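Asks: Spelled out, the chains give:
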Amino acid sequence: TQTVSQSDAHVTVFEGDSVELRCNYSYGGSIYLSWYIQHHGRGLQFLLKYYSGNPVVQGVNGFEAEFSKSDSSFHLRKASVHWSDSAVYFCAASMGNYAQGLTFGLGTRVSVFP
Amino acid sequence: GGIITQTPKFLIGQEGQKLTLKCQQNFNHDTMYWYRQDSGKGLRLIYYSITENDLQKGDLSEGYDASREKKSSFSLTVTSAQKNEMAVFLCASSRQLTEVFFGKGTRLTVV
Numbered sequence: 001t002q003t004v005s006q007s008d009a010h011v012t013v014f015e016g017d018s019v020e021l022r023c024n025y026s027y028g029g030s031i032y033l034s035w036y037i038q039h040h041g042r043g044l045q046f047l048l049k050y051y052s053g054n055p056v057v058q059g060v061n062g063f064e065a066e067f068s069k070s071d072s073s074f075h076l077r078k079a080s081v082h083w084s085d086s087a088v089y090f091c092a093a094s095m096g097n098y099a100q101g102l103t104f105g106l107g108t109r110v111s112v113f114p
Numbered sequence: 001g002g003i004i005t006q007t008p009k010f011l012i013g014q015e016g017q018k019l020t021l022k023c024q025q026n027f028n029h030d031t032m033y034w035y036r037q038d039s040g041k042g043l044r045l046i047y048y049s050i051t052e053n054d055l056q057k058g059d060l061s062e063g064y065d066a067s068r069e070k071k072s073s074f075s076l077t078v079t080s081a082q083k084n085e086m087a088v089f090l091c092a093s094s095r096q097l098t099e100v101f102f103g104k105g106t107r108l109t110v111v
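Protein chains in written order, with the working numbering: chain A, 1 to 114; chain B, 1 to 111.
Rather than coming from a laboratory, the hints here were simulated on the basis of the structure. It should be emphasised that the depicted structure is a prediction, and the values quoted were computed from it without experimental measurement. Errors might be hidden in some of the hints.
What the hints assert, rightly or not - Subject to a maximum C-alpha distance of 27 Å in a straight line, what follows is the list of computed BS3-like cross-link-like pairs (lysine-lysine):
| # | chain 1 | residue 1 | chain 2 | residue 2 |
| --- | --- | --- | --- | --- |
| 1 | A | 49 | B | 18 |
| 2 | B | 104 | B | 41 |
| 3 | B | 104 | A | 49 |
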């Protein structure tokens, strides 16, 4: 069984601040990891993914994430947030057979204040 | 680009009723998914399908049926709606090891 945990339910930051959203997983094999964003009342949109290679991956809108096998983590970061980054962020993971679907964390709500 | 279309956007049903949610994708993706999103519980996989006429159960399949009669469409049936049930059902599609694209969801309310 694989699990994905996001330790922060809600994060509050000011515009221009940096933010890091934590994601940890439990699975011993090869893993596919990704982050999604969901603005209020909208569907989920893909931000970035990691499967192999460079552990730091770049995504859209200045987001990046770093994979750590030793920490079983895939934290998401942004150096300078904008008010439009206010949304719920979901970390998701899948075992090596990607077709079996994604297991999602419970999400982290980010509120950006001016 | 492509799009995933879910119908209806809002669905109101009565307790015990059988309800069907539909999903169409024009990405030509092989794999399609149905997720349920509840407030505070994240997304949970109900069914997925890796090709036409294939069906695989997810963690939350009890109380649901699914059908993949064409590559482009994937429908979900709530076999007996539960009173006061309220959730958003998200359809998604992907190719292997690429991003998953989501529809905008069907919001179900059972009265």
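Asks: Could you grab the alpha-carbon distance between residue 104(B) and residue 49(A) and see if it respects the 27 Å cut-off?
Replies: holds (21 Å)
Asks: Measure nothing beyond the straight line between the CA atoms of residue 104(B) and residue 41(B); if it is 27 Å or shorter, mark the hint as holding.
Replies: Within the cut-off at roughly 18 Å; holds.
Asks: Are residue 49(A) and residue 18(B) close enough, with their CA atoms no more than 27 Å apart?
Replies: violated (37 Å)
Hint compliance for this structure: hint 1 alone is broken.
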